[in-house]
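Peer 1: Modelling step: build the complete structure from the supplied sequences, incorporating the hints.
Number of protein chains: 2
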Amino acid sequence: MRIVVVGGVAAGMSAASQAKRRVKEADVVALEKTGDVSYGSCGMPYNLMRADNPMDELVVLTADNFRNKRSIDVRLFQEAKKINREKKEVEVWDNKENKAYNISYDKLVIATGARAINLSLQKQVKGVFMLRTLEDGKRLKNFIKERKPKKAFLVGAGRIALEIVHALHELGINTVLVKKRPGRILPQFEEEISEKVEAKLEEKGIKFISGVEIKGFMEKDGFLKKVVTTEGEFDADLSIISIGVNPNAEIAKEAGINIGKTKAIEVDRYLRTSDKDIFACGDCCEHYHRLLKKPVFSPSGTVANKQGRIAGANAIGANIIYPGVVGTSVFRLCDLTVARTGLLREEIKEDFVKTIILSQTRGHAYPGSSPIKIVLFSEKGTGRLLGAQMIGKEYVWGRINVVAAGLYKDFTVDDLSSLDMAYSPPFSPVWDPLLIAANRAKKFI
Amino acid sequence: MRIVVVGGVAAGMSAASQAKRRVKEADVVALEKTGDVSYGSCGMPYNLMRADNPMDELVVLTADNFRNKRSIDVRLFQEAKKINREKKEVEVWDNKENKAYNISYDKLVIATGARAINLSLQKQVKGVFMLRTLEDGKRLKNFIKERKPKKAFLVGAGRIALEIVHALHELGINTVLVKKRPGRILPQFEEEISEKVEAKLEEKGIKFISGVEIKGFMEKDGFLKKVVTTEGEFDADLSIISIGVNPNAEIAKEAGINIGKTKAIEVDRYLRTSDKDIFACGDCCEHYHRLLKKPVFSPSGTVANKQGRIAGANAIGANIIYPGVVGTSVFRLCDLTVARTGLLREEIKEDFVKTIILSQTRGHAYPGSSPIKIVLFSEKGTGRLLGAQMIGKEYVWGRINVVAAGLYKDFTVDDLSSLDMAYSPPFSPVWDPLLIAANRAKKFI
Chain W
1 MRIVVVGGVA AGMSAASQAK RRVKEADVVA LEKTGDVSYG SCGMPYNLMR
51 ADNPMDELVV LTADNFRNKR SIDVRLFQEA KKINREKKEV EVWDNKENKA
101 YNISYDKLVI ATGARAINLS LQKQVKGVFM LRTLEDGKRL KNFIKERKPK
151 KAFLVGAGRI ALEIVHALHE LGINTVLVKK RPGRILPQFE EEISEKVEAK
201 LEEKGIKFIS GVEIKGFMEK DGFLKKVVTT EGEFDADLSI ISIGVNPNAE
251 IAKEAGINIG KTKAIEVDRY LRTSDKDIFA CGDCCEHYHR LLKKPVFSPS
301 GTVANKQGRI AGANAIGANI IYPGVVGTSV FRLCDLTVAR TGLLREEIKE
351 DFVKTIILSQ TRGHAYPGSS PIKIVLFSEK GTGRLLGAQM IGKEYVWGRI
401 NVVAAGLYKD FTVDDLSSLD MAYSPPFSPV WDPLLIAANR AKKFI
Chain X
1 MRIVVVGGVA AGMSAASQAK RRVKEADVVA LEKTGDVSYG SCGMPYNLMR
51 ADNPMDELVV LTADNFRNKR SIDVRLFQEA KKINREKKEV EVWDNKENKA
101 YNISYDKLVI ATGARAINLS LQKQVKGVFM LRTLEDGKRL KNFIKERKPK
151 KAFLVGAGRI ALEIVHALHE LGINTVLVKK RPGRILPQFE EEISEKVEAK
201 LEEKGIKFIS GVEIKGFMEK DGFLKKVVTT EGEFDADLSI ISIGVNPNAE
251 IAKEAGINIG KTKAIEVDRY LRTSDKDIFA CGDCCEHYHR LLKKPVFSPS
301 GTVANKQGRI AGANAIGANI IYPGVVGTSV FRLCDLTVAR TGLLREEIKE
351 DFVKTIILSQ TRGHAYPGSS PIKIVLFSEK GTGRLLGAQM IGKEYVWGRI
401 NVVAAGLYKD FTVDDLSSLD MAYSPPFSPV WDPLLIAANR AKKFI
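Protein chains in written order, with our numbering: chain W, 1 to 445; chain X, 1 to 445.
What the hints contain is simulated information worked out from the structure, not anything from laboratory work.
Computed from a prediction, not measured in an experiment: that's the story for all the values here.
Hints may be right or wrong, so weigh each one.
[Said to hold, decoys possible] Covered stretches of chain X (chain W as the covering partner; in silico rule of three or more C-beta atoms under 8 Å from a C-beta of chain W):
id: 1; stretch: 38-52
id: 2; stretch: 290-303
id: 3; stretch: 323-329
id: 4; stretch: 332-343
id: 5; stretch: 423-434
[Unchecked claim] Incomplete in silico selection of chain X near chain W, CB under 7 Å:
id: 6; residue: GLU57
id: 7; residue: LEU58
id: 8; residue: LEU61
id: 9; residue: GLY363
id: 10; residue: HIS364
id: 11; residue: ALA365
id: 12; residue: TRP397
id: 13; residue: GLY398
id: 14; residue: ALA404
id: 15; residue: ALA405
id: 16; residue: GLY406
id: 17; residue: TYR408
id: 18; residue: LYS409
id: 19; residue: SER418
id: 20; residue: LEU419
id: 21; residue: ASP420
All residues carry an ideal CB built from backbone N, CA and C; glycine is no exception.
Peer 2: Structure follows, in structure tokens:
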């Protein structure tokens, strides 16, 4: 029995490990086109701000660890080029030996991840970066170390763009953040959250401008000098493009495997593709959304790890269902934590109630307490929880997870308001902000 | 319509406020035997460690606030002595005027709280304290300020005793902590938690001795000098007794209202006592436990607030069910957070699986990560979650609440392992410790 895994980051190495753990005799091969496996790419923006820590510390296990401790045949710099489903073979390009070869499989796991979306106009100017692979991270970090850029121009308005902004701010680099569409930052969040984020950027002296389209990069001696936009020119010696990712689904598509509406690989709840011998997991495939009851494209490191584990197990004969996402995410921006779970307003089809509350993170008169804002969506009539968004300096992560747990089992706002949450002044007011929000919502159901 | 509330702290003032909010015309009278209403007694140990902050800052709303803003007739220093159910009257002793009077009620809410258990041998020695009412807190704080004690002798081994130990340590007072029964600290928790707590006490130079019975206090010039115990004499100029609380149920008992097995006032799920016109809430009454499906005595500020609200609403004509507790609590000890929810081992009747995991609080290579230990109880066979205990320096509060939410709706460990928890390196490893614990438990169900 041979399991071939294409892609060696979060989903791929989880799948390989799980398959091998379940069936010791299985021949498990993992093909990775870069030189790095099993790294936490979500940590890159945070690593960036600590100049003395190498990006490599994000590697959880090396290829040798997998080979020696887990007996997985990890092959670096090996790029899967084509899947021959009839012969059950993968055509591989060996980037070290510069030659092609075929490897046969009994079951195949596609874990090719996603790639950063590029600006179509971008030409090779030194100082313009994307941040997706560990290689990207190392290059960017090296550039910052060697060139000591003073002015950065960041394109994007999502979570990762903001994490990078935070990192550049910590490094003392003067940063302008722009996005193409007019309007506020984090447009998928509610206005009440976005305005707090924009206020934080302003407080930190980070300029945010929306409705800005990049026309080109001007260089001097091969290095970035200015960014030319529809809103004028900006001096910059560093530019980072962080405008989202696209699934690496081409290899599957070319093999005739079904691609979903989201352009990611279609999988069933067992992470099987349209070919029963081929599984997919992580950022290359679709993710079942428990509330929308349909697949979405929701790239994330934690989802990739969970899916990899299930795809690996099922490839070797298990029959585990992927429970799905409910749309949870969190990030830090300077001293703020921003989080969401459940449906965004644009995803809500139901007649809904929106509740906004502002409360405190700690008990009455307890030092260090700070404001926390909660937006709660619930269904009119039934009171079913639909989603939540939060922003504050602390205890946001824990509270969003309570709502995420509630969404998993169709809690109503009445259920949420009934929870026996842990109370002690260092952690919460006697009425937890979540309970306050739920009680408020109940009045309008 | 007159609602009389006996007791003006958390439950009582919540009940009074809720009744008045629902029916503006109602005549709502709150009788409080001390001079303080609506204070957060849970904050007292934490306030104690900040020498410059008066205990009074724990008062959320003053009697005048309730009178002027909420039109509630708050009467301080008025002690309810007797309930005459036939006449629907309460006999009150006015401690200001030193005279008795009767007040009639349509509905009565008993919110008399609980009192600290005293050592039967205790005589009046200056320097021996309990910490229950705000008055206790003020006296203790004042004593520390004036007498500057150097050596404290603390009796107790529960959560509040440990919070006080923490406070005394912060104040630089050399402290010995003793408990009567032999054995470890926090005996209701599992050994894996207790040992971490004991290690922390040792690290901080706080001596903990179990199996110590107090025989008496020796004084000099009226002030505490030594504590005499079965294990010898201890020099001490301050002693605090924190060995639990008993419900103030006497007034109800004397009126012929049913008292439960726990010795607290028996109430139904609507917080009605055995007299349909009399409700009870907070630390004086029993609390429905959702997992045990029976009443327990579970005194807590947050429970008191929730119950007060419901008792007040139901007294004025609503019909709200009290959802009950699941046994959640949390406290801080120095830099540690200790939390539990669900059943304790001794409460579990089912055949159970105990899972222990040690993980990290933050993402791989993220600075500031620290160990977190989780003990999970689940039912053998079904995998139903039964309870959890945790200890660590951060993110314990959030994780215990996720389990508390799960317990509310009968989650299994499979459900817990399926949660779409918020992931980002500052808050969690890519596999959250809770998911690791749930996955581990699944193997043994």
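Peer 1: Taking the hints in turn, state whether each one holds.
Peer 2: Hint-by-hint comparison with the structure:
Counting residues of the stretch 38-52 of chain X whose CB falls under 8 Å from any CB of chain W gives 6; the rule of at least 3 is met. Counting residues of the stretch 290-303 of chain X whose CB falls under 8 Å from any CB of chain W gives 5; the rule of at least 3 is met. Counting residues of the stretch 323-329 of chain X whose CB falls under 8 Å from any CB of chain W gives 7; the rule of at least 3 is met. For the stretch 332-343 of chain X, the proposed coverage by chain W is satisfied: 4 residues have a C-beta within less than 8 Å of a C-beta in that chain, meeting the threshold of three.
Residues of the stretch 423-434 of chain X lying with their CB closer than 8 Å to a CB of chain W number 9, which satisfies the three-residue condition for coverage. Using the Cβ-Cβ criterion of 7 Å, the hint placing X:GLU57 at the interface with chain W is satisfied: the shortest such distance is roughly 4 Å. The beta carbon of X:LEU58 comes within 6 Å of a beta carbon in chain W, closer than 7 Å, and the hint placing it at the interface holds. Because the closest C-beta pair between X:LEU61 and chain W is about 10 Å apart, greater than 7 Å, the hint is violated.
Here the hint on X:GLY363 is kept, as its CB sits about 6 Å from the closest CB of chain W, short of 7 Å. For the restraint placing X:HIS364 at the interface with chain W, the shortest Cβ-Cβ distance is roughly 5 Å, inside the 7 Å limit, so the hint holds. For the restraint placing X:ALA365 at the interface with chain W, the shortest Cβ-Cβ distance is roughly 4 Å, inside the 7 Å limit, so the hint holds. Given hint, X:TRP397 at the interface with chain W, holds; its Cβ is 4 Å from that chain's nearest Cβ, closer than 7 Å.
The criterion of a C-beta within 7 Å of any C-beta in chain W is met by X:GLY398, whose closest approach is roughly 2 Å, and the hint holds. With a cut of 7 Å, the hint placing X:ALA404 at the interface with chain W holds, because the nearest CB-to-CB distance is about 6 Å. At about 4 Å, the closest approach between the beta carbon of X:ALA405 and any beta carbon in chain W falls short of 7 Å, and the interface hint on this residue holds. For X:GLY406, the interface hint holds, since its Cβ comes within 7 Å of a Cβ in chain W; the closest pair sits about 6 Å apart.
A cut of 7 Å between beta carbons decides the hint on X:TYR408: the least distance to chain W is about 6 Å, and the hint holds. With a cut of 7 Å, the hint placing X:LYS409 at the interface with chain W holds, because the nearest CB-to-CB distance is about 5 Å. For X:SER418, the suggested interface contact is upheld, since its CB lies about 3 Å from the closest CB of chain W, less than 7 Å. The beta carbon of X:LEU419 comes within 6 Å of a beta carbon in chain W, closer than 7 Å, and the hint placing it at the interface holds.
Below 7 Å, beta-carbon pairs count as interface contacts, and X:ASP420 has one with chain W at about 5 Å; its hint therefore holds.
Checked against the numbered hints listed earlier, the structure breaks hint 8 alone; every other hint is satisfied.
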